[in-house]
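Asker: Just so you know, the sequences run in chain order A and B.
Under full-length UniProt numbering, the first residue of the first sequence is numbered 1, with each subsequent residue one higher.
Under full-length UniProt numbering, the first residue of the second sequence is numbered 1, with each subsequent residue one higher.
Please note that a few of the clues may not be correct.
If several chains are the same, the list does not tell them apart, and a pair holds so long as it fits within one copy or across any two.
To be verified - Derived pair list, reagent style EDC-like, types lysine to aspartate or glutamate, alpha-carbon separation capped at 20 Å:
#	residue 1	residue 2
1	LYS178	ASP231
2	LYS2	ASP149
3	LYS168	GLU270
4	LYS242	ASP203
5	LYS178	GLU19
Treat the hints as calculated values from the structure; they're not laboratory data.
Number of protein chains: 2
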Amino acid sequence: MKSILLIGQSNMAGRGFIEDVPPIYNERIKMLRNGRWQMMAEPLNFDRHISGIGPAASFAQIWTNEHPEESIGLIPCAEGGSSIDEWSPDGPLTRHAVSEAEFAMETSEIIGILWHQGESDSFGERYKTYENKLLSLFQHLREELNAPDIPIIIGELGHYLGEDGFGKSAVEYQQINKVLYKVASEETDCFFVTSKNLTANPDGIHMDAVSQRKFGLRYYEAFSKRENVLDVLDMEQTWIEKEAKRALTKNESIFVQSTEFALGRLSFEEFMENVSKINGNE
Amino acid sequence: MKSILLIGQSNMAGRGFIEDVPPIYNERIKMLRNGRWQMMAEPLNFDRHISGIGPAASFAQIWTNEHPEESIGLIPCAEGGSSIDEWSPDGPLTRHAVSEAEFAMETSEIIGILWHQGESDSFGERYKTYENKLLSLFQHLREELNAPDIPIIIGELGHYLGEDGFGKSAVEYQQINKVLYKVASEETDCFFVTSKNLTANPDGIHMDAVSQRKFGLRYYEAFSKRENVLDVLDMEQTWIEKEAKRALTKNESIFVQSTEFALGRLSFEEFMENVSKINGNE
Numbered sequence: 001m002k003s004i005l006l007i008g009q010s011n012m013a014g015r016g017f018i019e020d021v022p023p024i025y026n027e028r029i030k031m032l033r034n035g036r037w038q039m040m041a042e043p044l045n046f047d048r049h050i051s052g053i054g055p056a057a058s059f060a061q062i063w064t065n066e067h068p069e070e071s072i073g074l075i076p077c078a079e080g081g082s083s084i085d086e087w088s089p090d091g092p093l094t095r096h097a098v099s100e101a102e103f104a105m106e107t108s109e110i111i112g113i114l115w116h117q118g119e120s121d122s123f124g125e126r127y128k129t130y131e132n133k134l135l136s137l138f139q140h141l142r143e144e145l146n147a148p149d150i151p152i153i154i155g156e157l158g159h160y161l162g163e164d165g166f167g168k169s170a171v172e173y174q175q176i177n178k179v180l181y182k183v184a185s186e187e188t189d190c191f192f193v194t195s196k197n198l199t200a201n202p203d204g205i206h207m208d209a210v211s212q213r214k215f216g217l218r219y220y221e222a223f224s225k226r227e228n229v230l231d232v233l234d235m236e237q238t239w240i241e242k243e244a245k246r247a248l249t250k251n252e253s254i255f256v257q258s259t260e261f262a263l264g265r266l267s268f269e270e271f272m273e274n275v276s277k278i279n280g281n282e
Numbered sequence: 001m002k003s004i005l006l007i008g009q010s011n012m013a014g015r016g017f018i019e020d021v022p023p024i025y026n027e028r029i030k031m032l033r034n035g036r037w038q039m040m041a042e043p044l045n046f047d048r049h050i051s052g053i054g055p056a057a058s059f060a061q062i063w064t065n066e067h068p069e070e071s072i073g074l075i076p077c078a079e080g081g082s083s084i085d086e087w088s089p090d091g092p093l094t095r096h097a098v099s100e101a102e103f104a105m106e107t108s109e110i111i112g113i114l115w116h117q118g119e120s121d122s123f124g125e126r127y128k129t130y131e132n133k134l135l136s137l138f139q140h141l142r143e144e145l146n147a148p149d150i151p152i153i154i155g156e157l158g159h160y161l162g163e164d165g166f167g168k169s170a171v172e173y174q175q176i177n178k179v180l181y182k183v184a185s186e187e188t189d190c191f192f193v194t195s196k197n198l199t200a201n202p203d204g205i206h207m208d209a210v211s212q213r214k215f216g217l218r219y220y221e222a223f224s225k226r227e228n229v230l231d232v233l234d235m236e237q238t239w240i241e242k243e244a245k246r247a248l249t250k251n252e253s254i255f256v257q258s259t260e261f262a263l264g265r266l267s268f269e270e271f272m273e274n275v276s277k278i279n280g281n282e
């Protein structure tokens, strides 16, 4: 199995409202839990109880479309509110991410890292020292994971920052974006993904759910083509609409029924009847 | 800071419906996330996206009542559906729990382990080999965590098992309960907690939310008195009602508002107004 490490702050963890987008159920997408793999369900990250939609689910979904015989595992290690200093090689976030990745590597091969971080460094001239810190983190991860040339995909901070709500304090997000772009352009196997036209929750800092779905597609474009993605992809809206209509496999349908039942929205009789129908219709 | 390791299967992870009990918000209760501490919110465990109320929150809440100047950290490592064989010392669940505990121990002292597991071993005469496997796990954890004499609290499997829904397959739960009681009675620093009068979700296997709150109080009774708890505690219902009326601190009130806002249930203006009121009323 292949796997992807997810690191950064809240917009990698995901804060899009779950009810705003059709769910992604795919038995070939796994998530790491307690050192093992489970079928993915969102929220994928659990850094906060209010975690929601991030970019990784649509990234993984389009990956499975293009790799019809394979499975992909997602390793959620993003931490809301974390600054680049908190991602120092010897800090707990980095050490924990490496530790989780090592569990994943017992049964999978890590083929990429998705990074989104910088809102917490978009003030007080922190951009001036950001580049070296980011480079040192990437180098450290490549060494620790023994992955010298896997692609690291760097997402741009939202263009909506600096305006409203909690986003207002991110006054230097453009300077951080310049550094992110510079790193992606100069470093081998690092690629940049634009946040053009992506929009925020009412808090002005967290990307909304639909934007996260699109962002994930852009991350995949950069990952698969190994090049910077500097503009909106033509297929974003169409892809989202098409995926919402994708027929579920038998296992996925049962997973949905199990979720409804586990949350108390079905009686045991209804659950058994629905599962029986799914099995019968196979 | 003190901390508690939570291990076992789904009823330790928690599957009680969140909406069935008043939430517990307490700034002196933390949960481990990405190797660091966050203020606790339920679901505390994230082994599945359908995780809910387990015994640890009320355990921690009554602990803070009795330790008014201290904080407690919860280390969630329970895994739904796991059998005792999956908790072998060299398996990923145990190694991952030890790894998480080691992150916790960088900033806290582990003072206890809560164990609830056995539904997945309540058939096929698995009870015959359960005792040695459990003892070997406990010995291994005591060695790895360098905690030779911290209390390990063992919760009894629900008396409702073997009857309905998914619980129907747990036909030998009484045999497992006998083994759990034997281990708690014979081993030093191991204590047993009855599940008497506790009830299940409609699935017949997962303890409901109110029962989990009571179970947590019993776990604490065994932990603090260092003795087996073999009957219902008189104070359970009263305690739950009293706690539901506890006044929140300023930080806890802001946490509640932040949660509502992060989930899109308040506008930014409403959020700011509410927070301003909380600060003003101090």
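Asker: How would you label the pair LYS178, ASP231 (within, between, both, or neither) given a Cα cut-off of 20 Å?
Answerer: So LYS178 and ASP231 pass the 20 Å test inside one copy only (16 Å; across, 65 Å).
Asker: With identical chains treated as interchangeable, where does the CA-CA distance between LYS2 and ASP149 reach 20 Å or less: within a copy, between copies, both, or neither?
Answerer: Answer is within: at 15 Å inside a copy they meet the 20 Å cutoff, but 42 Å across does not.
Asker: Can you give me the call for LYS242 and ASP203, within, between, both or neither, at a CA distance of at most 20 Å?
Answerer: neither (29 Å within a copy, 35 Å between copies)
Asker: For the identical chains here, do LYS178 and GLU19 meet the 20 Å Cα criterion within one copy, between copies, both, or neither?
Answerer: This pair counts as neither: shortest intra-copy Cα distance 33 Å, inter-copy 45 Å.
Asker: Is the C-alpha distance from LYS168 to GLU270 at most 20 Å within one copy, between copies, in both cases, or in neither?
Answerer: between (48 Å within a copy, 17 Å between copies)
In this structure, the earlier hints numbered 4 and 5 are contradicted, and the remaining ones agree with it.
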